[in-house]
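For the protein sequence lines, the chains are W and R, in the order given. With the numbering used here as the guide, the letters of the first sequence map in order to residues 1 to 201. With the numbering used here as the guide, the letters of the second sequence map in order to residues 1 to 238.
One thing to keep in mind: the hints can contain errors.
To be verified - Chain W side only, calculated, beta carbon under 7 Å to chain R, not exhaustive:
no.	residue
1	56
2	78
3	141
4	142
5	162
6	165
7	169
8	191
9	195
10	197
Source of the hints: derived by calculation from the structure; they are not laboratory data. None of the values given here were measured: they were computed from a predicted structure. Just so it is clear, CB atoms sit at the ideal spot from N, CA and C, and this is done for glycine as well.
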Amino acid sequence: MRNDPVQARGKPANPVQARGERADPIQAQGEPSSRRDAWFRAFFDDQFASLHRYLARFTGDPEVAGELAQEAFIRLYRRRGRPDQPRAWLFTVAMNLARNAKTKASRQRRLLTLERSTHVLSDPPGAPGTTCGSASTRVRVKRALAALSGRDRQLLLLRAEGYSYKDLAAALELNEASVGTLLSRAKAAFKDAYQEYADAP
Amino acid sequence: MHLDQETLSRLVDGELPDDEVRWAEIHLAECTACSARKGDLVATDDLVSSLLPYADDPTPHVDPAELIRRARPAAPRRLQRWAAALILTAAGAGAAYAAPGSPLPALLGRGDDQRTGTEFRQEEPEPSSSGLVLPLDQPLTVRLEGITGPGALIVTTGTGPGIAIESTRAGVSFESEAGVITVSQQQASAGDFRLNVPPEASSARIVLNGREVWRMIGGSIETTLPESPDGTYREELP
Numbered sequence: 001m002r003n004d005p006v007q008a009r010g011k012p013a014n015p016v017q018a019r020g021e022r023a024d025p026i027q028a029q030g031e032p033s034s035r036r037d038a039w040f041r042a043f044f045d046d047q048f049a050s051l052h053r054y055l056a057r058f059t060g061d062p063e064v065a066g067e068l069a070q071e072a073f074i075r076l077y078r079r080r081g082r083p084d085q086p087r088a089w090l091f092t093v094a095m096n097l098a099r100n101a102k103t104k105a106s107r108q109r110r111l112l113t114l115e116r117s118t119h120v121l122s123d124p125p126g127a128p129g130t131t132c133g134s135a136s137t138r139v140r141v142k143r144a145l146a147a148l149s150g151r152d153r154q155l156l157l158l159r160a161e162g163y164s165y166k167d168l169a170a171a172l173e174l175n176e177a178s179v180g181t182l183l184s185r186a187k188a189a190f191k192d193a194y195q196e197y198a199d200a201p
Numbered sequence: 001m002h003l004d005q006e007t008l009s010r011l012v013d014g015e016l017p018d019d020e021v022r023w024a025e026i027h028l029a030e031c032t033a034c035s036a037r038k039g040d041l042v043a044t045d046d047l048v049s050s051l052l053p054y055a056d057d058p059t060p061h062v063d064p065a066e067l068i069r070r071a072r073p074a075a076p077r078r079l080q081r082w083a084a085a086l087i088l089t090a091a092g093a094g095a096a097y098a099a100p101g102s103p104l105p106a107l108l109g110r111g112d113d114q115r116t117g118t119e120f121r122q123e124e125p126e127p128s129s130s131g132l133v134l135p136l137d138q139p140l141t142v143r144l145e146g147i148t149g150p151g152a153l154i155v156t157t158g159t160g161p162g163i164a165i166e167s168t169r170a171g172v173s174f175e176s177e178a179g180v181i182t183v184s185q186q187q188a189s190a191g192d193f194r195l196n197v198p199p200e201a202s203s204a205r206i207v208l209n210g211r212e213v214w215r216m217i218g219g220s221i222e223t224t225l226p227e228s229p230d231g232t233y234r235e236e237l238p
C-alpha cells in the first residue's frame, strides 16, 4: 500500500486549459498576419508532438497520425479568428478527421490490418542490447489499445495528454460527474487486455 | 460510509477539491477496504502510464512554415484567373467599371474577400477614388507605369488590414500578376496616388516609371522619396 501524500499525485504535466488559453487577447478576424503566424508557430512547437502522439496511439499508425496532425494544424491556420480553446479545438478536429478517414478507408483497412498484424507479430527485437521483452511489450501495448472501445481509448489517451476531467467531459460529451468512474474502468480494461496478451503466441 | 469509485478516481487523479480530499484521507486512515481499492487504482494508473510510451514512435519532423504555405490560397493567381486588367474608373457619379468576368462587381461594396483578404473598394461620393487593398503576408511590388503629374505619390506606413493603393484620378487601371500590381493611367488626368504599407507587411516595393523609389523589408525602409516630419513620403509626379 502506497504512502504517498495525495498532493503528489497532482494533475498531469500538460493541463489543457493552462496551455490552451493564452494571455494574448488578439482573436479577432482582423489580426495582422505576422502576429497570427508567430502565434501559430509557437502553438505548433508547443502542441504538435502531443497531437501526433495521441493520434499515433489512437490509430496505431504513426504515418496516418502524422498526416492527420498536419491537416488539423492547417485547418487551424485557415480558421478566421482564433478558437477560445485552441488545443481542445485542434484535438476535436483531429479526432473528426480520424473518424472520417476510418470510415472512408474501412474496406482498404481490413486488408491492411491483416498485413499489419502479420508485421506486428514479427516485429524485430530492436537495437542490440534490448531484450526481446521490450519488443513484445510494444506489441502487447498496441494490441491492448486496439482491444479497447473507441471511447475508452479516447478517455485513456486524452487523459495521458493532460486533459482534465472537465475537458474530458466536454470533449467526449460525458456527464462530468461520471468521468472518474469511466476513466478508471478504461484503465482497468487496458490493464486486463495487456495482461491477457502475456500468454498470446 | 465508503468512498465511491468516482471519488477514489478523482482523489488518485488530483481532481478532487481540497476540502473533499481531507474527508477522504480521514476515511482512508481508518478503512482498509477503501485503502486497498485506492491502492489498486494507483497501481493500475502507474502501470498504464509506464506502458503507453512503448507504443510511441518518434515525432515526425514537420516545419510549421510548410503548413502555413499549404494553408494559404495563392491570392495573386486567383486575381489572374479572371482578367489581366481590372479597370476601375471613377466617373463624375462615382461609378466603377470592371472588365467582364472580373470578381470586382461581386466584391464592390463588400468589406473584404473572405478567402484571400483582397478588397476592392469604391469610395463615394466625392472625391471619387479607386483602389485596392492587398494581403500583408505576401511580398508585393507596386509598379506605377507611365504615371505623370499633376499630382503626388504619397506613401504612408499606418496600420491597416492590408497594403492599400488608392487614387483620386479618373482612368486608372490596375493589373495583377504573381506579387506585382501594375498601375497605369488610361488617359492624362490629375490626382494623387496614395499607398499605405502597414509595418506588418511581409515586404513591399514601389517602382515609379521603372525606377525603384521605395522599399520596405522586415520593417525597415529604404527610399529616395523625401520624408515629411509626420512620417509620410511624398514626391510630386513628373
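Identify whether the interface hint at residue 197/W stands, where standing means a beta carbon of chain R within less than 7 Å of its own. violated (11 Å)
Any CB of chain R closer than 7 Å to the CB of residue 162/W? Violated - the Cβ of residue 162/W stays beyond 7 Å from chain R, reaching only about 12 Å at its closest.
Any CB of chain R closer than 7 Å to the CB of residue 191/W? holds (5 Å)
With 7 Å as the cut and Cβ atoms as the points, is residue 142/W at the interface with chain R? Because about 5 Å separates residue 142/W from the closest Cβ in chain R, which is inside the 7 Å limit, the hint holds.
Can we keep the residue 165/W interface hint, with Cβ of chain R closer than 7 Å? holds (5 Å)
Double-check residue 169/W for me: the hint is only fine if its C-beta lies closer than 7 Å to a C-beta in chain R. Cβ of residue 169/W sits 11 Å from chain R, so the hint is violated.
Just to be careful: measuring from the Cβ of residue 141/W to every Cβ in chain R, is the smallest value less than 7 Å? holds (4 Å)
Hint validity - residue 78/W Cβ closer than 7 Å to any chain R Cβ: holds (5 Å)
Let me know if the C-beta of residue 195/W comes in closer than 7 Å to any C-beta of chain R, holds or violated. Cβ of residue 195/W sits 9 Å from chain R, so the hint is violated.
Given residue 56/W was flagged as interface, is its beta-carbon under 7 Å from a beta-carbon of chain R? holds (6 Å)
Hint compliance for this structure: hints 5, 7, 9 and 10 are broken, all remaining hints hold.
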